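Dock chain C against chain Z, hints included.
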Amino acid sequence: MFGLKVPISATERKDEFDSVSTILSQSSITRKSLTKGSPEWLTSGGDEGEIFHLELPTGVETRLARLSSLDGGSVSSLALGAGCNSEDTGYSSDQELSLFEQASKIAKKRSKSSKLSSKARTSSSSSGSDKLSVGTTKSRSVGGSVLDESLDDGVFLQKSNFRSSQTSTVSSSSTSSHCSCGEQSHVTSGHIHRTRPSCAHTLSKHCDNHHDWRTTELEVLVHSSNAWTSSSPNGSALCEQLLGIVLLAKDDNSYSRFNGSHVIIKGLLPHSDPVMKPEILIGRRLHSIDGQELTWCNMDTLMSSISKFKKVKLTLKSLRPEKSELDLEKLVSILTSEPHDHHGMEGMAAMYLSLEGSSQDDSGNSHDGLVYSYPAEKNSLHQLQGMFYTLAHLVKDIKSASTIRNTTLTIDDQRIHVAYQQEYSDILVFAMPASHVSVSQLNTLLSEFARLLRILYGSIESAFNKSNHSGWIDNILTYLFRQVMQTSQIFSTNSSPGGLKEKVNLASECLPFVRYSQHISSISLPEDLKVEVDKSLSKFSSSDFADMSENFYGCRRKYHILGSCFYYSGQLVSNQLAPSDLQDIHLYLQHHGLLELTARCSVAQLVVWHEVYPTRFCHDIADINNTFGYSEPNARWCHLIVGLKYGIFCCLLETVSVPMKKLSPISADVFYIDQAKACLLQLQTPNLLAALNISVSRECQSAVTKSDYCATYIKTSYEKTTQMFGESLKQKSHSNSSFVAALQSDWRKLSPRTVATGENFYQSPESGKLYPMSHCSVAGSGSLELSIPTSLSANPCISRISSGRNPSIYQYCYLDGLEGTLVIGADVDSSGIFQSQIVHTFYLCCRQIHDFFHDLGEKWQSSKHQVKGGDNEHYDEVNADCSLSSMKEHGVLMTFNPHIKEDGHKSNQALEYWVVGRKLKRPSSREMFVCFHALTSQLIIDLAFKLS
Amino acid sequence: MAAYIICLTSGSGLPVFTRSVGNVKALPFPVIGSLNAVHMFSANHDATLQSTTTDDARIVWREFHNSLVLIAVMGRDGASDDAHMGKLLDNVFHAMVLLYGLDDLVNIKNVERFKKEIRICFQLVDTLIQQSALTTFSDLTNAVDIMLTPDNAMLQSFLDAFVEASDSPYGCLLANGRVVVATSKWWELSSTELVLLSLLMQSVPQCTSRDIPIYLPQASPSVPHRLMTFELIKNVDVCVICGPSPTLAQLTREISRFWTPAIETLKSTRQLNLRNFPLTLDMDSNVMGFLLVNTKSNRCLSSVNVNREREDTAKFEKRRAVLRSFFKYVVGTYFSNSSIKGTEKGPSEYNHQATDTYIVCSGHKCYAHISGNYQIFLMFSAKIPTFAMRSVCVKTLNLFIKDKNNQI
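Protein chains in written order, with this note's numbering: chain Z, 1 to 948; chain C, 1 to 408.
It is worth saying that the hints were derived from the structure and are not from the lab. Predicted model only: the values in this text are computed from it and were never measured. Heads up, none of these hints are tricks.
Rough simulated footprint, nothing fancy, chain C against chain Z, three-plus residues with beta-carbon under 8 Å:
hint	stretch
1	391-404
2	408-415
Stretch-level coverage of chain C by chain Z, calculated; a stretch enters the list once three of its residues show a Cβ under 8 Å from a Cβ in chain Z:
hint	stretch
3	29-36
4	327-336
5	358-371
Beta carbons are placed, not taken as given, at the ideal position from N, Cα and C, and that holds for glycine.
With the rest of the complex left out, here is chain Z (with noise of 0.2 Å):
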């Protein structure tokens, strides 16, 4: 694994391996570096040697902006899985994976002696049964499982590595019941210098010969000695007997991903000559054979003209799959809509305004102490510059220091809330209308830009300061505000009066509190998968693991892993990084649209890599050093992002050797690249994905699990799922045309699926593959649909969540059916409509609840001549808080009618639910959030607040 070409154990000369360059000199992708260029995403690089390189499969970019502009950027939309894959990433795509899961099974009921080339055949692309039959049958060795590595620069596993000499350990995995990627892959890692010393000899012919990276020309040995019969004129099986290469054919579903009539490698023979060969990998194209070019037409002339040649020589080239690159400005545009008229933008503004120097503008032109502002075109809050300027020193006089927080102002009827963050004299302003957002959110936008900007340019000065950050910025802001639009207007069609019987997308309902909550949201896993995550990330992370090991290698790293965290569909997975650096990695993928991007759809590749300055040691330092006999490196740091399909993976690397000149630029290091890479791609077992996908599909929606960086956790009734399949229903048989309608159903098909097929995973009825390829029609998922509810309402469900006291521990919460902690109505028709408003509701009260233990709990901080009051167990009525800042519980009755009769009169039948919020300050901070009936008995609510 690890990209290298060579295992390394296997030269002889140890002094070759004295520097890491020479790891680098090794990487398949210095190499390529060397040979042909840097690789794309080097070269997208700026000129501070960061790096933001993204890559979508063709058609995704399209459809996502269709559906934004459809929908209004209704996040996750789409459809998980279904549609995204159909192209080839350059990776196993995910169809692949989840045939490799289904073969699986399909292995393990067959017999071992079934013959690999039926099996090719029958089961629809080779990777998988490839690996499975190298485990069932062990006398094959096959390079199946390898990643075609001439698919542009995803080299992440070398076929090398599963050659012969790993049979038994591969098949020794495989014979027990779950074959996973990842065995596998731990497998390689730590055997590959084991590996046959002949392909370090082939490679560096390789190297030597400059070949063209996608165009390979090899001999290989024509297998003479089976001979074969006039009755199998087929060419690809003549292929297959004369020269051990399984050909994929044409029918063959996986085809379709290669355009044309191109004959394309699908497997190995195992003892075959071209196994042997390295430069031979499933996924090429075989271009031609002694010089004449292999068609589909003309393979059966050709392959029986071959089989009297000893040696033939091949010719072999890499499809280069179509993928598109998008750059920051593109990827917010298609992830959010243009405002649909300019009055969305209207009381709308981001300004940074600093007096110093603008008097000595360089141009000439003075900007009155604007050096920034987003959007370009001016609107009546720029007018307004120079009261926030003032505003902001004015509060210092009137009591020093204090700092400003918020302005609210009526423009045309418009209430506008501006928050100022403030940096010595010069201040950030972001305004917003009132109607999109509240001030406690507006704040925590501000806020999170604010930090942002310090963690990729060292300050907001130096942020602004530059021109050549403008761009960027504008971009992240336009991403910021079109979201914060969207968001808004998702919410205030569901919260108008009409909007009762609007649909009601559950998605989005919690969309705002998780946005603003400053939480990250993160995924439940079985245990045992969870340890697998984090066994990987902490192996990338030590600094004595094989391939990177300082003894190893005798010379020291360039960089300290500090910690890694791997996101999976927009939600956290698993982290092993501090909490302030999660956050720092969090903001930075947030404002960036990775996360939603990654929610959304299936991404090609994605590297980033960019110098930043992190909130821990850079910029808040109180509690840094502390430690006696410890003190933390004069260093800097850098951010690496590598994403893949829905994945991403995280790391913060720290530079071990002397601060190099701060002017310098930290220029990316593809070794570490590399191998963030090979982390991630391990990490995206079938196994995993499968788990991953069934939480991702239940807690978007319900957003149950929420863990921050201090440790702060929501629970929520679970009905919102039950309801959300009521409603989907009703959808369908209402609005069956309308294209959105569809669309939207598609997003929420998936969690039935992954839901029902809990038991029969890979026999799914539809279309035997975890995601479907194509979007199915609505009408084909009723039947699953309608057979889900009864089955969850049937076990009324609580969620039970459990929390850790280390806020870097996350915990997650499982939604167990346990209790029903909210009772419907009489009315089961209507219940689906109510249900939701319940849920708007719930979310509403605990964003209100949410600030003001927040608000509060940041007033008790600063009024320390309070703390003799509220907290202290021996309670003095006359010096108690009467700011009621130590509030530790709050709740809120909520009452709706659900039958108003036609006279107005009320009737009795009113359904009354509480929502309670509790925060607990020991043993570490949190935060709860229960919704219950209002008769529910006080043991079960306390049962569901102590399970937290």
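Just chain C now, with coordinates in the frame of chain Z:
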């Protein structure tokens, strides 16, 4: 809590007065000028500056009749919005109208003279901003504080007789700034007028009788009336609003004739001070204080000495402060109050109506409940189990509203 109220003329920006509470230094002139300037600047750009918050203070601007700008600078409290501070500024302006007349406020001809003359309202303005020192809640709830006595009917007849003699339909009996009884005409005054009149009585120093010219901000903002007050016994006053006649001397003579028979009743009424409701009504021992507001009739009943504890001013003040904070937080967030502008915004966000809410603090618990026109805010000791608060709250509310004799 430090607080400033600044009044300026809106066109010229000349400072009229600055009132402050607490031990704070006076605001320097440039600061006052800047505070007004930012408001003026925004007005020139077709924007209205409403409020600004800092980490510990809140500044609110309001302009009245294009003539005066009032600016309040106060410490931040539980209020999530500036609705309550806006209400305070409204009250300050109406207090100025009450004592100075709207016409003269709108057309200020000579600022220097105006600055001198407006001093008559300082006492009332100071009372308004010294919220914590008040024993009543009317400035906050915009509903006049009342007192329930077992002898309300008897006192009502005494009052009616006296008011008839004074040739005016407007009359009321106040004890410690709370309305004990009032004539039906008196109750027809707007809530702001009712609140300001009873606050005015609290703000002026005690004296046996007085005659104050007043403008009723809503009923007659430009034609003055006479407010005559007579102290019957200590802390108990009777007020009447009259036209040009009768004179103070005439009415003073009538006092003893009408009120001597009621002295004993008045004394027993005065003893209810701080409890404010009859001893016959029993309340849960965990209730430390409550505030009951009728948003329709604009009356409120409050008590911080429910269980006849021995008097401890500091303790009661604390309880009032807690109730005030709780009210400020809840009204505008979950409950709305039609007489306080801006409080409807928060509750309108919810699909469903919030009827109850509670908070648990380390030393006390607070519970709020809404039922029809009634809003009740209770402060409990920490001993009460959280789940019991709702039933105690409903019971307490019913205690007052089920009895037809109690007019709240």
